[in-house]
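2 protein chains.
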Amino acid sequence: MNIVLLSGGSGKRLWPLSNDIRSKQFIKIFKTPEGDYESMVQRVYRQIRKIDGNATVTIATSKTQVSAIHNQLGEHVGISVEPCRRDTFPAIALATAYLHDVQGVREEEAVVVCPVDPYVNEDYFAALKELGQLAEKGNANLVLMGVEPTYPSEKYGYIIPTDKEQVSRVSTFKEKPDVKTAEEYIRCGALWNGGVFAYKLKYVLDKAHELLDFTDYQDLFGKYDTLEKISFDYAVVEKEENIEVMRFAGEWKDLGTWNTLTEAMEEASIGKTILNDQCENVHVINELDVPVLCMGLKDVVVSASPEGILVSDKEQSSYIKPYVDEIDQQIMFAEKSWGSFRVLDVEDESMTIKVTLNAGHQMNYHSHERRDEVWTVISGKGRSIVDGMEQPVQEGDVVTMQAGCRHTLIADTELKVIEVQLGKEISVHDKKKYELEQ
Amino acid sequence: MNIVLLSGGSGKRLWPLSNDIRSKQFIKIFKTPEGDYESMVQRVYRQIRKIDGNATVTIATSKTQVSAIHNQLGEHVGISVEPCRRDTFPAIALATAYLHDVQGVREEEAVVVCPVDPYVNEDYFAALKELGQLAEKGNANLVLMGVEPTYPSEKYGYIIPTDKEQVSRVSTFKEKPDVKTAEEYIRCGALWNGGVFAYKLKYVLDKAHELLDFTDYQDLFGKYDTLEKISFDYAVVEKEENIEVMRFAGEWKDLGTWNTLTEAMEEASIGKTILNDQCENVHVINELDVPVLCMGLKDVVVSASPEGILVSDKEQSSYIKPYVDEIDQQIMFAEKSWGSFRVLDVEDESMTIKVTLNAGHQMNYHSHERRDEVWTVISGKGRSIVDGMEQPVQEGDVVTMQAGCRHTLIADTELKVIEVQLGKEISVHDKKKYELEQ
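Protein chains in written order, with our numbering: chain A, 41 to 478; chain B, 41 to 478.
Misleading hints may appear alongside valid ones.
Calculated pairs, PhoX-like style, for lysine-lysine (alpha carbon to alpha carbon, straight line, at most 25 Å) [unchecked claim]:
#, chain 1, residue 1, chain 2, residue 2
1, A, 312, B, 312
2, B, 456, A, 464
3, A, 52, A, 103
4, B, 394, A, 394
5, A, 394, B, 464
6, B, 312, B, 394
7, A, 269, A, 279
8, A, 52, A, 361
Please keep in mind that the hints were generated in silico from the structure rather than gathered at the bench. Predicted model, so just to flag it, every value in this text is computed and none were measured.
The task is simple: from the sequences and hints, build the whole structure.
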């Protein structure tokens with residue numbers, strides 16, 4: 041099975057765990073069979089691997105997510121990197137060209153496309169495999185998955201099949217309806233459109249060449265920022281006559297809000313938390329090192345991270361976005377390809393952060409114009425390079441850097457340092473990168 | 041007026057703002073006429089000063105509170121320091137001896153004793169003044185304040201006066217009753233016992249000499265730890281025949297729980313907070329630098345500090361103590377006589393803290409056996425002394441100290457440093473103090 045997972049952008053609906061640089065699919069909140077916690081993307085990847093150990097998994101995503109994906113899924117997962125956001129048609133065209141030109145997938149092979157963030161069981165991935173087989177059979181150019189509705193939702197688009205068979209021709213598509221219209225659709229056998237479909241690689245590659253002017257993957261990648269923003273539904277699906285839908289009746293949840301997300305949590309709380317017996321339907325996710333104590337709450341979600349604290353009635357949590365949009369705060373925590381950082385203290389003319397470098401990784405070689413820095417190594421072994429001079433560093437070593445001097449840290453083992461930044465205008469934008477002459 | 045304020049011990053009922061080393065009376069949550077925030081002790085002190093600018097205010101408290109009191113009330117407030125906790129009779133005896141022997145208060149002058157933490161208005165302090173005048177008149181050995189009950193509370197002891205006059209003889213005292221009994225008491229004109237009383241200094245000094253074996257204040261202070269724990273009520277009040285009570289009908293609140301405390305807050309929130317319109321009867325106190333967002337909550341109190349986060353139904357918040365007792369966590373923030381510290385990061389073999397030294401103050405000259413330390417000065421000017429060697433320090437300077445070496449910091453202006461502690465067994469107990477040879 042060739043499967044393309046669409047990994048969407050950052051979102052604020054799960055603040056304070058998701059923010060401008062941390063997407064919800066990377067938050068570790070699902071208990072694994074081994075008792076650890078995994079993220080949405082890890083869960084989906086593990087489930088696919090279990091159903092089809094040979095599946096070629098490609099994640100279509102933006103540059104900003106590449107390091108998070110490598111951190112969570114390892115270095116070997118395929119990634120089709122979108123140089124910028126251009127909606128789903130360019131993204132799927134690019135991923136398809138990547139499969140063909142980089143991964144060597146043949147034109148007659150099926151490709152299954154699905155979002156990275158549904159909360160589903162293994163039967164869902166078995167259905168995806170079937171969907172691919174149907175596409176390969178070639179009765180239709182596109183085979184969609186239609187989810188059997190469990191209630192007349194206003195949140196989804198609907199697919200109207202021509203009959204009630206397991207696999208049917210598609211009669212028409214309907215936009216998100218009101219509840220009454222949704223009820224009518226469902227009476228007529230309509231299905232939710234979960235954004236999942238399969239096609240023979242050649243089909244989308246041809247469409248791409250028809251609609252976009254490019255020679256191969258590298259060429260398309262290079263001119264990606266010139267492409268028009270257009271959805272795959274609009275550019276392809278709605279114009280295609282030869283199209284089928286396969287019914288799926290298993291569990292399928294869209295975890296877009298705290299309310300729906302907590303429904304998928306196996307435990308009432310993650311992290312240092314205490315809930316008294318008078319709490320009812322309360323979920324707590326605490327990423328901080330200090331405890332959260334909840335008493336006598338009902339239908340409430342509490343989430344605490346280095347970015348902030350949310351305490352919300354579960355239903356109200358769907359309306360979070362405008363409030364988070366108003367919060368104007370620097371990023372306090374981030375995971376990067378090379379490790380992570382956390383802001384520990386902010387003063388007018390200083391900032392203290394903790395930097396963790398993964399073993400074998402290093403910072404960019406860089407300088408700042410308007411701030412000095414001091415590193416105190418708190419654990420691990422590595423090397424510092426300051427203005428070309430390399431020195432071994434380990435726990436307890438201190439490195440001071442004046443503004444203007446070029447510097448980097450190389451981690452031989454996992455390396456943790458406390459970095460104190462000192463200056464009048466401390467900003468993430470005050471950074472020049474250099475090539476390291478080694 | 042000579043007034044003794046009894047400042048009680050640490051409490052956990054207002055966790056995470058109060059803890060083992062930070063008592064509720066020092067939390068700044070009341071809006072001042074100028075728009076700043078003040079603590080219970082600051083509010084009471086300001087109110088007394090307003091009613092009687094010449095009042096001699098003495099705070100009877102333990103050693104651990106002395107620096108907090110000086111920080112909040114200045115260096116000139118009188119403090120009768122209890123070397124250890126020995127209940128209210130020894131405390132009041134010590135404070136009375138302190139007034140006589142140290143402050144030079146004459147034996148015929150009245151002393152008014154009251155707890156430091158009632159939430160009251162200025163009429164209360166006007167009543168205290170009257171109480172003192174009654175004591176000086178000498179119709180009775182003790183004059184109590186009786187608070188007119190507003191409901192049949194089970195939380196307070198009751199005073200039964202002989203009649204319904206403004207000032208009456210006391211007929212008897214009653215322990216905390218159940219609601220029904222309380223209703224009966226109130227029908228008979230009973231008053232709440234708020235623990236407030238006045239006497240001529242000589243009266244308690246004589247009682248003290250009668251019950252305790254000591255010569256003067258210094259002697260009593262020196263043998264304080266040998267005294268029996270006994271309450272003033274038990275040792276004196278309940279045995280005294282010649283006793284009056286004065287009625288007080290003004291506002292009087294006991295702010296012992298989050299529920300009652302939030303009733304006294306003028307605003308719904310303090311600190312970085314966002315409450316949506318669907319919140320009802322919600323109070324938030326946020327001491328962290330990151331925002332707290334509350335949505336759709338009802339009758340809830342949220343409090344966040346470096347120690348942890350409480351989210352509680354207001355009524356349930358009265359039952360907090362056993363849950364906080366279970367939390368086993370190091371102190372993350374403290375205010376000291378010399379300034380404050382906050383723990384920023386804890387790892388297995390390192391701890392990073394931010395130390396703020398007030399101008400003119402310094403640390404003890406000390407050493408650690410099992411940890412190295414690194415200071416990075418982030419603001420201010422001062423001097424470091426390391427193994428006898430004094431050096432000026434300012435923003436950006438780094439001082440490294442090996443285990444065993446003696447060190448201190450002296451703040452000429454307010455001085456802030458990031459201190460990284462490195463070692464296998466970091467503990468507050470690993471500290472030797474030395475005299476500084478200067």
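Hint check:
For the suggested pair residue 312(A) and residue 312(B), the alpha carbons sit about 23 Å apart, so the restraint of at most 25 Å is met. The hinted pair formed by residue 456(B) and residue 464(A) meets the criterion: a straight-line CA distance of about 16 Å does not exceed 25 Å. Of the pairs offered as hints, the one joining residue 52(A) and residue 103(A) holds, with about 19 Å between alpha carbons and a cut-off of 25 Å not exceeded. A C-alpha spacing of about 13 Å is found between residue 394(B) and residue 394(A), which places the hinted pair at or below 25 Å, so the restraint holds.
Only pairs whose Cα atoms come within 25 Å are accepted, and residue 394(A) paired with residue 464(B) is accepted, the gap being roughly 19 Å. With a C-alpha separation of about 21 Å, the suggested pair residue 312(B) and residue 394(B) falls inside the 25 Å cut-off, and the hint holds. For a cut-off of 25 Å, the pair hint linking residue 269(A) to residue 279(A) stands: about 17 Å separates their Cα positions. Using a Cα cut-off of 25 Å, the hinted pair residue 52(A) and residue 361(A) holds, with the two alpha carbons roughly 6 Å apart.
The structure agrees with every numbered hint stated previously.
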